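**Student:** Sequence:
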Amino acid sequence: MQLTVGDIARSQEDLSLGTVAGVADHGEGKLVVLRLPNGGGLSFVEPCSLVVVGRYVPPVSTSRSVVALVFLGFALLVAYISCRSAEDIGADWLLTLLAGLGGFKAVAITYQCWARLTGPRRFRV
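Numbering (full-length UniProt numbering), first residue to last: 1 to 125.
Hints in this document: simulated from the structure, not taken from any laboratory. This structure is a prediction, so every number in the text was calculated from the model and none was measured. The beta carbon of each residue, even a glycine, is placed where N, CA and C say it ideally should be. Please note that the accuracy of each hint is not assured.
Label-pair restraints from in silico Cβ distances [unchecked claim]: (1) T4 x P37: 17 to 25 Å; (2) L101 x N38: 28 to 36 Å; (3) G39 x L98: 55 to 63 Å; (4) G27 x I81: 58 to 66 Å; (5) L98 x V66: 24 to 32 Å; (6) W93 x Q12: 54 to 62 Å; (7) L69 x G39: 40 to 48 Å; (8) R64 x A21: 19 to 27 Å; (9) V52 x G90: 21 to 29 Å; (10) G102 x E13: 46 to 54 Å; (11) P59 x R84: 36 to 44 Å; (12) R84 x P37: 53 to 61 Å; (13) F123 x R64: 20 to 28 Å.
Take the sequences, apply the hints, and build the full model.
**Tutor:** Structure representation (structure tokens):
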């Protein structure tokens, strides 16, 4: 199971609901630390008796929005150039369309990799 700090999880042992605060190393294994709501303190839960209720999604910042728009503009430019290049060498409409989709997807995959590398870190328990 992969968790990140801020995920909402529920313990199956005592049905306590809380946010993941971290991982504590125990002599017999690892324990997930849950921060209980309303000042309820901390709860140490084994990973096998944990159910993830919700994932933490960080709020979108202005810089991430700008980077997304730049990647979108660049992807559209690459798609246009790919379509024009395929059309110039005499390709049929289907091959022209596929060339444009391929160019767009190449830039989109690059953006997805960047977003995954700069997103919230997940740890395995």
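**Student:** Taking the hints in turn, state whether each one holds.
**Tutor:** Hint check results:
1. T4 x P37: 17 to 25 Å: Given range 17 to 25 Å: holds, Cβ gap about 18 Å.
2. L101 x N38: 28 to 36 Å: For L101 and N38 the Cβ distance comes to about 51 Å; the hint is violated.
3. G39 x L98: 55 to 63 Å: holds (58 Å)
4. G27 x I81: 58 to 66 Å: holds (60 Å)
5. L98 x V66: 24 to 32 Å: Once the Cβ atoms are compared, 30 Å apart, the range 24 to 32 Å for V66 and L98 holds.
6. W93 x Q12: 54 to 62 Å: For Q12 against W93, whose Cβ atoms are near 56 Å apart, the range 54 to 62 Å holds.
7. L69 x G39: 40 to 48 Å: Holds, since L69 and G39 (Cβ atoms, about 41 Å apart) stay within the stated range.
8. R64 x A21: 19 to 27 Å: holds (25 Å)
9. V52 x G90: 21 to 29 Å: violated (53 Å)
10. G102 x E13: 46 to 54 Å: Because 51 Å falls inside the window, the suggested range holds.
11. P59 x R84: 36 to 44 Å: holds (39 Å)
12. R84 x P37: 53 to 61 Å: holds (57 Å)
13. F123 x R64: 20 to 28 Å: holds (22 Å)
Checked against the numbered hints given earlier, the structure breaks hints 2 and 9 and satisfies all the rest.
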